[in-house]
Amino acid sequence: MTIASKRSLIRLAGWTALAAAAALAGCGKKEEAAAPATAASGTVTKAEPLKVAFAYVGPVGDAGWSYAHDAGRKAVEAEFGDRVQTSFVESVPEGADAERVIRDMVGQGNKLVFGTTFGYMDYMLKVAADSKDVRFEHATGYKTAENMRTYDSRTYEGAYLAGVIAGRMTKTGTLGVVGSVPIPEVIRNINSFTLGAQSVNPKVKTRVVWVNKWFDPPSEGDGAQGLINQGADVLFQNTDSSAVLQTAEKAGKFAFGWDSDMSKFGPNAHLASSVINWGPYYKKAVKDVLDGTWKTGAAWWGVKEGAIDIVSISDKVPAQTKEQIEKVKAGLKDGSFVIWKGPIVSNEGKEVLKKDEVADDKFLTGINFYVKGVEGKVPTGK
Amino acid sequence: MDTWALLIAATLNAGTVLAIAALGLLVNERAGVVNLGAEGLMLVAALAGFATAVHTGSDWLAFGAGALAGAALAAVFGVLVIWLNTNQYASGLALSLFGAGFSAFAGIRYTQEKLASRPHFEIPGLADLPFVGPALFRQHPMVYAAMLLSVALAWFLYRSRAGLVLRAVGESPESAHALGYPVRRIRLAAVVVGGALCGVAGAYLSVVYTPLWVEGMVAGKGWIALALTTFATWRPARVLLGAYLFGGVTMLQFQLQGEGVQIPSQLLTMLPYLATVLVLVLISRNPTWIRVNMPASLGKPFFPGS
Numbered sequence: 005m006t007i008a009s010k011r012s013l014i015r016l017a018g019w020t021a022l023a024a025a026a027a028l029a030g031c032g033k034k035e036e037a038a039a040p041a042t043a044a045s046g047t048v049t050k051a052e053p054l055k056v057a058f059a060y061v062g063p064v065g066d067a068g069w070s071y072a073h074d075a076g077r078k079a080v081e082a083e084f085g086d087r088v089q090t091s092f093v094e095s096v097p098e099g100a101d102a103e104r105v106i107r108d109m110v111g112q113g114n115k116l117v118f119g120t121t122f123g124y125m126d127y128m129l130k131v132a133a134d135s136k137d138v139r140f141e142h143a144t145g146y147k148t149a150e151n152m153r154t155y156d157s158r159t160y161e162g163a164y165l166a167g168v169i170a171g172r173m174t175k176t177g178t179l180g181v182v183g184s185v186p187i188p189e190v191i192r193n194i195n196s197f198t199l200g201a202q203s204v205n206p207k208v209k210t211r212v213v214w215v216n217k218w219f220d221p222p223s224e225g226d227g228a229q230g231l232i233n234q235g236a237d238v239l240f241q242n243t244d245s246s247a248v249l250q251t252a253e254k255a256g257k258f259a260f261g262w263d264s265d266m267s268k269f270g271p272n273a274h275l276a277s278s279v280i281n282w283g284p285y286y287k288k289a290v291k292d293v294l295d296g297t298w299k300t301g302a303a304w305w306g307v308k309e310g311a312i313d314i315v316s317i318s319d320k321v322p323a324q325t326k327e328q329i330e331k332v333k334a335g336l337k338d339g340s341f342v343i344w345k346g347p348i349v350s351n352e353g354k355e356v357l358k359k360d361e362v363a364d365d366k367f368l369t370g371i372n373f374y375v376k377g378v379e380g381k382v383p384t385g386k
Numbered sequence: 021m022d023t024w025a026l027l028i029a030a031t032l033n034a035g036t037v038l039a040i041a042a043l044g045l046l047v048n049e050r051a052g053v054v055n056l057g058a059e060g061l062m063l064v065a066a067l068a069g070f071a072t073a074v075h076t077g078s079d080w081l082a083f084g085a086g087a088l089a090g091a092a093l094a095a096v097f098g099v100l101v102i103w104l105n106t107n108q109y110a111s112g113l114a115l116s117l118f119g120a121g122f123s124a125f126a127g128i129r130y131t132q133e134k135l136a137s138r139p140h141f142e143i144p145g146l147a148d149l150p151f152v153g154p155a156l157f158r159q160h161p162m163v164y165a166a167m168l169l170s171v172a173l174a175w176f177l178y179r180s181r182a183g184l185v186l187r188a189v190g191e192s193p194e195s196a197h198a199l200g201y202p203v204r205r206i207r208l209a210a211v212v213v214g215g216a217l218c219g220v221a222g223a224y225l226s227v228v229y230t231p232l233w234v235e236g237m238v239a240g241k242g243w244i245a246l247a248l249t250t251f252a253t254w255r256p257a258r259v260l261l262g263a264y265l266f267g268g269v270t271m272l273q274f275q276l277q278g279e280g281v282q283i284p285s286q287l288l289t290m291l292p293y294l295a296t297v298l299v300l301v302l303i304s305r306n307p308t309w310i311r312v313n314m315p316a317s318l319g320k321p322f323f324p325g326s
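Chains as they are written, first to last, in the working numbering: chain A, 5 to 386; chain B, 21 to 326.
Keep in mind the hints are simulated off the structure, nothing from the lab. Since the model is a prediction, treat every value here as computed from it, not as a measurement. Some hints here could point you the wrong way.
Label pairs and their in silico Cβ distance ranges [said to hold, decoys possible]: (1) Asp108/A x Leu302/B: 41 to 51 Å; (2) Gly99/A x Leu298/B: 22 to 32 Å; (3) Gly240/B x Asn372/A: 27 to 37 Å; (4) Leu302/B x Val315/A: 35 to 45 Å; (5) Thr369/A x His140/B: 39 to 49 Å; (6) Leu168/B x Val342/A: 33 to 43 Å; (7) Leu199/B x Ala100/A: 55 to 65 Å.
The list that follows gives simulated cross-link-like pairs (lysine-lysine, DSBU-like), each with its CA atoms no further than 35 Å apart [stated by the list, open to error]: (8) Lys134/B x Lys333/A; (9) Lys320/A x Lys320/B; (10) Lys320/B x Lys287/A; (11) Lys331/A x Lys320/B; (12) Lys175/A x Lys134/B.
All C-beta atoms, glycine included, are put in the ideal place defined by N, C-alpha and C.
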């Protein structure tokens, strides 16, 4: 090694050390600057509107998941008027693009950011770590931080209510479910739908097909057709479009709306729509920030909080069943009725909940079996 | 028993989209032009068809609009590759990507629309026969039209003078040119007909098969149709059979799932694509078999007077 190269090495080392020191100092400064901003935000919000941003995974016109979230955003605007200023970005893919979009939202001065799909989780967590003065709300995830909390809705309560109607309306005794992706949330919905049907018609059987996508209308329709071919006359879906309902309409069978009111897509086939109202939670979250009472945590809202409902029940459903739906809803509201209460047996004959045992949220979030009455086996990929 | 009848019915229905599109592509490939833009053509036509059905309420006008949209886009593609001699593969890919983007953009307001109630079709008398009735005779007229189309196309290609000229243009454009045939105009006509048929297939998808419009709803069917022409070694009857085979695999996977057969559903989802690759490998291993039917000038530009 020559002297010259040694010298340049030393010089390089020197520069590196200097750069590192500068970077460290820079970071320190940034944090100092961030702290007063947080403290000041309480007084600033009175004069300026709170900027709230929403990231949606699909187009707001999907008539399902993203559409329902956007209705929640509109509820916030209606409630708080000019105290808030909301904006949204639609069709944000669950990938690195999500991080770019969310960082951009922070850059535009939004102080409350909603990410409305599971796949944003790690990207939101990264941005949250860099933007301590912004609050993050993540739907359906399980990771939280000091300034990021999660929220979800008990969609299985809506599935159960739909099941009560399905059990009454089926003539063949066979129900069909078009599943999206075999994760606990969807399996829980299939099970709850079946439990609801069994509560009025114990002999009911449920067949399941998986399309392995959240949004692929032709495949959803094909899956629905496959179920109809096997004798299912009431269909239910945990996918995002209205294709299953429209296939049922074409074939003269019954089906439900999911996530939002889909009655107009199948006037004859539509029995009811199981909907999610994100409005109540979104209003609470905005209120928490405005009042300065926002704390991290995990919320899971259902019929009780007004987050889940069953709407547009068809005239074909007997009055007696409608009354029963109201009874179940009232029971869920005052806590006198619990869906996941033993004895519940899996379709492999294992008793998963003993008599009178009530499932806790940990049990519910880990469901990976079918209850008795669902045919087939949960796909495991093994 | 009934289940299988309905499976056959669903298979014929699922295969019809593929059959019409692939028969269209067969026409232009027989004239020596490969149109990789099929997917984009079908998307634009699906939107055009759906929008027409929404505004006029007529399915037949919708098929017409789909055919027109497909033909118009194919004509642009034809002028590019036949007169301006742009690369067929690159131009086709560009058309495919353009079609996907354009239909998504132009179709935003149609994602919330719905069509009026869908009519039922059945052939009187035959539809009530046991088993074959539900299996074969309760289909949309387009299903039978696809079958007739493959017969008509076979007759056209192998029994008519015009078909002979078309094949001559695909085999040796120089010879056809020397005999005084307008090679470029014949190729353009073939491309336009191919595009129109792809357009009908797209409209069938959005108006009859899954009566709604969403971005990207063709979901790879254009690509399968392209693969089908190769799979069928450019023979109309084989195209029809291949289309039903692929349609059958799609429907069978849901049938098996519903019956609780222990096959991972992800494996079943990839079966149609796996079948495409497998067939391509098989026929590529037999060069004589493929050479006999493959238009010799397929994908090659033609310069008159060179």
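Hint check results:
1. Asp108/A x Leu302/B: 41 to 51 Å: Taking Cβ atoms as reference, aspartate 108/A and leucine 302/B lie about 50 Å apart, which means the hint holds.
2. Gly99/A x Leu298/B: 22 to 32 Å: Holds, since glycine 99/A and leucine 298/B (Cβ atoms, about 31 Å apart) stay within the stated range.
3. Gly240/B x Asn372/A: 27 to 37 Å: 30 Å, holds
4. Leu302/B x Val315/A: 35 to 45 Å: For valine 315/A against leucine 302/B, whose Cβ atoms are near 54 Å apart, the range 35 to 45 Å is violated.
5. Thr369/A x His140/B: 39 to 49 Å: 44 Å, holds
6. Leu168/B x Val342/A: 33 to 43 Å: 60 Å, violated
7. Leu199/B x Ala100/A: 55 to 65 Å: For leucine 199/B and alanine 100/A the Cβ distance comes to about 58 Å; the hint holds.
8. Lys134/B x Lys333/A: Distance ~31 Å between lysine 134/B and lysine 333/A Cα, so the pair holds.
9. Lys320/A x Lys320/B: This hinted pair is violated, its Cα atoms lying about 62 Å apart.
10. Lys320/B x Lys287/A: 63 Å, violated
11. Lys331/A x Lys320/B: Measuring from Cα to Cα gives roughly 72 Å; hence the hint is violated.
12. Lys175/A x Lys134/B: 28 Å, holds
Violated hints, in rising order: 4, 6, 9, 10, 11; the structure is consistent with all others.
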